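*Asks:* The primary structure of each chain is shown beneath.
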Amino acid sequence: MRYYPTVTALAILFLFPLLWSGWASLEEPSNYLKMAQFGEGVDTYATNSVLVSSMTVAGTLIVSALGGYAFARFDFPGKNLLFLATLAILMVPYATILIPLYVLLGYLGLQNSLLGLSLVFVMFQLPFALFMMRNAFEAIPRELEEAALVDGCGTFRAFSRILLHAVRPALVTVGLFAFLASWNDFFAPLILLNDGASFTLPVAVVSMTQGTFGAIDYGMLQAGVMVMALPCLILFVILQRHYVRGFMSGALRG
Amino acid sequence: MIATVFMASLRSASRSLKKLPTSSGARPPGRRAAHTVPSARWRRRQVQGWLYAAPTAVIVGVLFLAPLVLVVWMSLNRWPLLGQAVFNAPDNYAKIPKNPLFFDAVLFTLKYTAITTVLLSAVALGLALLVQERRPGVAFFRTAFFLPGAVGFAAAALLFYGMLNNDFGPIDPLLQTLGITHEPVKWIGTPNMALFSTIALVLWRFAGFNMLILLTGLQSIPVEVYEAARSDGANRWQIFTKITMPLLRPTLALMLILSITGSLLAFDQFFIFTNGGPDNSTVSMVMVVYRDAFFRFDLGGAAALSVVLLVALVGFNTLLMRRLK
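First to last, the sequence lines map onto chains G and R.
Quick note on our numbering: the first sequence kicks off at 241 and runs consecutively.
Quick note on our numbering: the second sequence kicks off at 776 and runs consecutively.
Read the hints as simulated data drawn from the structure, not as lab findings.
Accuracy of the hints is not assured; some may be wrong.
To be verified - Stretches of chain G that chain R covers, calculated by requiring three or more beta carbons in the stretch to come under 8 Å of a beta carbon on chain R: (1) 293-306; (2) 329-338; (3) 356-368; (4) 405-415.
Remember, it's a predicted structure, so these values are computed and weren't measured experimentally.
We put the beta carbon where it would ideally sit given N, CA and C, even for glycine.
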C-alpha cells in the first residue's frame, strides 16, 4: 500500500509553512532585534497580549464554573432563558456585535482598555465554556455534593473545596480554548483598541505590513509570526488531549 | 472555534426546555421530587442558583443583549464616529442598495463561500479518512494536519503573505527550480489569483480543524456495522457510499454550517492577506461594514449593514438546520 508515502507528503505540505517561517525568521538573527524595537517595542505588545489572555482565561473560568454549577445543580426562574440567550451568542456575527460594543464600552469608560477587550472575549467564550462546565458538573455523582452538605459545608464550600476539584479536566479544556481565542484574535482588538501602546500582538504585527516608507521587512514580519505562533503551538502539543476532548464532547453530543 | 457545540447544545437546550416547565410556581418534577424538601430550603436553593448564575447573566446582559439592542437603535440613527446621533430612520437601510461596494462584496463573498466550502469539505474528509484507523504513527499525522489550526488566523495570513512574496518567499524559486513556472507568479496581483491564494491559506489553516470534526463523527460509527457489511461482501467503495457517508451526515452537516458561516463572515484573510485588492476585487461583506464604520466614520450605516447581515445569517442557519435535521 502507498499509505505512508501519501500521508508523509501531506504532512510535509502542512508543516512546511511553519518550518519555513521559523527558518526565515532565524536566517538573520537581527530580525528579532528589529522586531523588538518595532513601534512601541514588542515587549509592550507581548505584555498586552499576556494581560488580555490571562484576564480572559481567568474571567472565563470563574464565570463558567459558577454558571456551570448553577445550570447543573440548581433550578431557578429564567434558567432556560439565560441558557438559550448565552447560546445565541454563537448565532450573531462578530461584526454585528463589535460595532455596538465599541460604542457601549465607551459609555462604560472601557474604550481602548485591555480590561474591556478581555470582558468581550469572556462573553464570546461563554457559550462553549458554559456548555462544557455544565456537562462536567452534571457528570459528578450527586452523592459527592450531598455528603459535603451533610458534613455542614455550605454550597459554596462544597463547590470550591470538592466539586471544582472534580471538574479540573473540563477547566483545562475551557482555559485552553479561552487562551487560544484571546491570544490570536485580530478583529476585536482592531476595533476596540485605538492607541498603539495598547495593541495586542496580532494588531501590532499586522501593522508591520504597512511598512516604513513602503518597504516591508519580511524577515521581521516572520519573526513576529513566530512570536505569536510559538506559544500556541507549544501549548497545543502539550495539551492536545484536552483540546480534542473539548471537540468530542461538543460534536458528539448531537 | 467554539461553534462546535452549537447545534448539539441548541438541541439539548430545547430538550431541557421541554423537560422543565419554566413557570416558576410549580416545582419541576424530577430527581429531587423523590424526597420531600421543605419549601423554605427549596426557595433558598433558588436564590443560591441565581447567585451562581449572576456573573453569566451580567456578562450576557451587558455585553451581548445590550449591544444587540444598541445596534438596532444605531441603525435607526445618523451616528457619526464622533459627535451627536440624530434619528434618521430608515435612511441607513435605504442607502444600502446604493452602496456600490456592498453589492460586489455580497457577490464576491458568496462565490468565496461556495468554493471554500466545497474544497474544504473535500480535503477535510480525505484527511479524516486517511487518519481514522489506528496504525503506527497515525497520531503524528493527525497532529501534523491539525497544527496549522493552533496558529492564529492573523499569524497564518501573515505567514502566507511572506511565503508567497515574489522576492522573499520560497514558493516561486521552488516552482521555477521544478520547472513548473518560468517567471514569478502574481499570487495576489490579479483578482483570480488573489482568491486562489486566499483559499490555499484557508485550506491550510482550517483543513485539520474540520478533519477533527469529521473524525469525531467517523469514530462514532460502530465497528460492527463495517464488519457486517464486509461479511456481506461489500467492497470499499460500497462501504464508503452506503455506510460511511449516510452515517456521517449529521457531522458533515455541522461542518458545513460552521464552514459556510465562517466564510460568509470572512474578514481577517482579506483584510490582512489581500487587503481587499487588487482593485477591491476581494472585499468581503464584513470588510464593507468595517470600512463604513472606521474609514467613513458612519457607525449608523455600518450598524444597518450588520443588522441585515445578522438577519440573513440567522435565517439561513435556521433554514439549513431544519433541512439537515
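*Asks:* For each hint, tell me whether it holds in the structure or not.
*Replies:* Consistency of the hints with the structure:
1. 293-306: holds (count 4)
2. 329-338: As far as the stretch 329-338 of chain G goes, the hint holds, because 9 residues have Cβ atoms under 8 Å from chain R.
3. 356-368: With 9 residues close enough to chain R, the hint holds.
4. 405-415: With 0 residues closer than 8 Å to chain R, the stretch 405-415 of chain G misses the three-residue bar; violated.
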